[in-house]
Amino acid sequence: MATAKHGQNQWVSVSVMGHDRPGIVAGVAKVLFENACNIEALSQTVVMGQFAMIVVVAPRKGSDAARLHADLEALAKATDLEIHIREVGPEGKVPFPTQETEPFVITVRGADRPGLVAAITAILAEQGINITRLSAEVVPAGQQMDYIQIYEVDIPKGLDFALIQKALQERGAEIGVVVDMQHWNIFRAINQV
Amino acid sequence: MLSSEEIIRTIEMLKNENLDVRTVTLGISLRDCVSSSCAELCTRIRAKIQRVAGQMVSVCDRISDKYGIPIVNKRIAVTPIAAVAEGLEQEGYTTVARTLDQAAQEMGIDFIGGYSALVQKGFTKGDRSLIATLPEVLSTTEHICASVNVASTRAGINMDAVVLMGRAIKGISLATGDQDGFGCAKLVVFANMPEDNPFMAGAYLGYGEPEAVINVGVSGPGVVKKELERALASGKKLTLGDLSEIIKKTSFRVTRVGELIAREVAEGLGVSFGIVDLSLAPTPTVGDSVGEILQSLGLKEIGAPGSTAALALLNDAVKKGGAFASSSVGGLSGAFIPVSEDVNLSEAVGKGSLSLEKLEAMTAVCSVGLDMIAIPGKVDADTIAAIIADEMAIGVFNHKTTGVRLIPVPGKDVGDKAIFGGLFGEAHILEVRNIECSAAFTGFGGRIPAPITSIRN
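For the protein sequence lines, the chains are A and B, in the order given. Using this note's numbering, the letters of the first sequence correspond one by one to residues 1 to 193. Using this note's numbering, the letters of the second sequence correspond one by one to residues 1001 to 1457.
Because the hints were derived from the structure by calculation, they are not lab data. Glycine included, C-beta positions come from ideal geometry on N, C-alpha and C. Watch out, some of these pointers could steer you wrong.
[Claimed, not checked] Once the Cα atoms are required to be at most 30 angstroms apart in a straight line, the calculated DSBU-like pairs of lysine-lysine come out as:
1. B:Lys1236 / B:Lys1248
2. B:Lys1319 / B:Lys1300
3. B:Lys1320 / B:Lys1358
4. A:Lys166 / B:Lys1015
5. B:Lys1378 / B:Lys1351
6. A:Lys166 / B:Lys1066
7. B:Lys1066 / B:Lys1048
8. A:Lys77 / A:Lys30
9. B:Lys1015 / A:Lys157
10. B:Lys1236 / B:Lys1249
11. B:Lys1066 / A:Lys157
12. B:Lys1226 / A:Lys166
13. B:Lys1248 / B:Lys1048
[As the list claims (entries may be wrong)] Simulated restraints on C-beta separations:
14. A:Gln169 / B:Thr1124: 51 to 61 angstroms
15. B:Lys1236 / A:Arg133: 25 to 35 angstroms
16. A:Glu100 / B:Lys1236: 41 to 51 angstroms
17. B:Leu1240 / A:His84: 29 to 39 angstroms
18. B:Ala1312 / A:Ala173: 37 to 47 angstroms
19. A:Ala36 / B:Glu1245: 51 to 61 angstroms
20. B:Arg1046 / A:Glu102: 51 to 61 angstroms
21. B:Leu1240 / A:Ala111: 39 to 49 angstroms
22. B:Ile1455 / A:Arg133: 57 to 67 angstroms
23. A:Lys77 / B:Glu1267: 56 to 66 angstroms
24. A:Leu159 / B:Gly1350: 20 to 30 angstroms
The shape of chain A in the complex, shown without the other chains (with noise of 0.2 angstroms):
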């Protein structure tokens, strides 16, 4: 088999999508453990039976692509999962946005309906605000389903706070949903101990 090295400061992304079910994680894990690749930072995930993980990967000295690259695809192959490979460059380790931010929280209620997600994201890339965690649910609320969306952002210093969140609130009433705006450290304060 043909050795390929893993270019200079690059770490690797690979991302796994599919069904959901034990000993998903653990595949995975032992092939990166073989190829000498450790892990940096993970997130997983399961919505609706979905099971979906990102893992950042900086592989040590050993460590080969090509043989990484077939180990995983093969993984993929018998277990019926999609696994994509990219590689990272010191470039596309540095979160957005580089200029200071404050975390807010943005959440979303209402009953469903398509549409809702796409409303109020326009807003927000339009502003330049980046998503930092995104969840939406349907919960029971009285008699009907309720669709909750919850938004964690960063938002740029320069912008007026009172004024996104009046443009978020008066899309909401548009759209049938209560947008609430909320600084993420008064969650903190809040709940945690």
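Once you have looked at the hints, place chain B on chain A.
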């Protein structure tokens, strides 16, 4: 990482339950302003307040906007004026008061506290001047709050001061008779007055405090009540221990928000952060009442047997939650029962279920005392002094702060209503029984000695 449930609960707490920061109080030392020239003293006081507090309102507004949490009142507390103006003759005190009043106006704040004297063991010339000018000052200024500490656990009760305060209250009431004696709402008579209390009318900057300091008063009777209601509606069988636990956790959350905001305001102004006072301070707004919490705890009428026990539970749970939330808890920290400012307490007085005697018992376990109580205008100065003496005894002998803020309403009697407006609400007049029976007792004067339990060294 926060759970969705925590996030939603927090949003609910902020949006629907009247969580606010009740007051941000900037303490400013005026010790470096002292002069025996009245004009010079006033110039220095004004310059110092402008220098330290100039940005206060804008900084508070900025931080309030950032967090979407209202800072309801911005206030200033200063070194006791009895000491600051000690070098002046009595007429100089009213000039100093006018200067403070103007400074408050210029800073855009509603109250400035510290027209105060500490006389638990005796008077200086300045203390006497200050007390003598209270009727004039509180009837001719808008923003000044006054307080006089007449007793402490270490010193006992200065009955000469108690008698003087009874007369001062009558004097203020008459001087503000056209406003139903409202001037008296701006004066508290204290035992064991805290040096870092951010709440008016009793706020002043104590002698042990720094040059400038931010003390903050959080509130939240509405939040506590909603949490209790939610728990009770769940249908689970709850004991009073469980309810106490719910109050404690709620108090923790409220205190945390207060400290967060206080620290940022202090940083924004470049002054020290002092304390969070986590008192449950009611407002006349429906749903923001300590009385209502007592009703949630199962008392059909406030003042009914059980009221003192329920208030003790509430007061203690509030303190415990707050003490865990912050290492900088101070001020009064507990539950206030200002009668006219609390819709449900006020109604209980109107209905006759809450009497002065029951209120006095309740103050033995709450954090302040006989607060914002309108009484008939006919009650004589010596009876008022004797009511003060009783309340001071509760504080002195139980190692706690107690205060008295009585408002004799000229020309009105039981069955009438005094109308103050705004945060001060309106008040049914509370019956005072056995009037004109205590003058011989208070007339002895002198000092009620400190209790044996004060000797602790």
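Now the hints, each set against the structure:
{"no.": "1", "hint": "B:Lys1236 / B:Lys1248", "verdict": "holds (19 angstroms)"}
{"no.": "2", "hint": "B:Lys1319 / B:Lys1300", "verdict": "holds (25 angstroms)"}
{"no.": "3", "hint": "B:Lys1320 / B:Lys1358", "verdict": "holds (25 angstroms)"}
{"no.": "4", "hint": "A:Lys166 / B:Lys1015", "verdict": "holds (15 angstroms)"}
{"no.": "5", "hint": "B:Lys1378 / B:Lys1351", "verdict": "holds (21 angstroms)"}
{"no.": "6", "hint": "A:Lys166 / B:Lys1066", "verdict": "holds (13 angstroms)"}
{"no.": "7", "hint": "B:Lys1066 / B:Lys1048", "verdict": "holds (28 angstroms)"}
{"no.": "8", "hint": "A:Lys77 / A:Lys30", "verdict": "holds (16 angstroms)"}
{"no.": "9", "hint": "B:Lys1015 / A:Lys157", "verdict": "holds (24 angstroms)"}
{"no.": "10", "hint": "B:Lys1236 / B:Lys1249", "verdict": "holds (18 angstroms)"}
{"no.": "11", "hint": "B:Lys1066 / A:Lys157", "verdict": "holds (11 angstroms)"}
{"no.": "12", "hint": "B:Lys1226 / A:Lys166", "verdict": "holds (27 angstroms)"}
{"no.": "13", "hint": "B:Lys1248 / B:Lys1048", "verdict": "violated (40 angstroms)"}
{"no.": "14", "hint": "A:Gln169 / B:Thr1124: 51 to 61 angstroms", "verdict": "holds (58 angstroms)"}
{"no.": "15", "hint": "B:Lys1236 / A:Arg133: 25 to 35 angstroms", "verdict": "holds (33 angstroms)"}
{"no.": "16", "hint": "A:Glu100 / B:Lys1236: 41 to 51 angstroms", "verdict": "holds (46 angstroms)"}
{"no.": "17", "hint": "B:Leu1240 / A:His84: 29 to 39 angstroms", "verdict": "violated (58 angstroms)"}
{"no.": "18", "hint": "B:Ala1312 / A:Ala173: 37 to 47 angstroms", "verdict": "holds (46 angstroms)"}
{"no.": "19", "hint": "A:Ala36 / B:Glu1245: 51 to 61 angstroms", "verdict": "holds (52 angstroms)"}
{"no.": "20", "hint": "B:Arg1046 / A:Glu102: 51 to 61 angstroms", "verdict": "violated (37 angstroms)"}
{"no.": "21", "hint": "B:Leu1240 / A:Ala111: 39 to 49 angstroms", "verdict": "holds (40 angstroms)"}
{"no.": "22", "hint": "B:Ile1455 / A:Arg133: 57 to 67 angstroms", "verdict": "holds (59 angstroms)"}
{"no.": "23", "hint": "A:Lys77 / B:Glu1267: 56 to 66 angstroms", "verdict": "holds (58 angstroms)"}
{"no.": "24", "hint": "A:Leu159 / B:Gly1350: 20 to 30 angstroms", "verdict": "violated (51 angstroms)"}
Violated hints for the displayed structure, listed by number in ascending order: 13, 17, 20 and 24.
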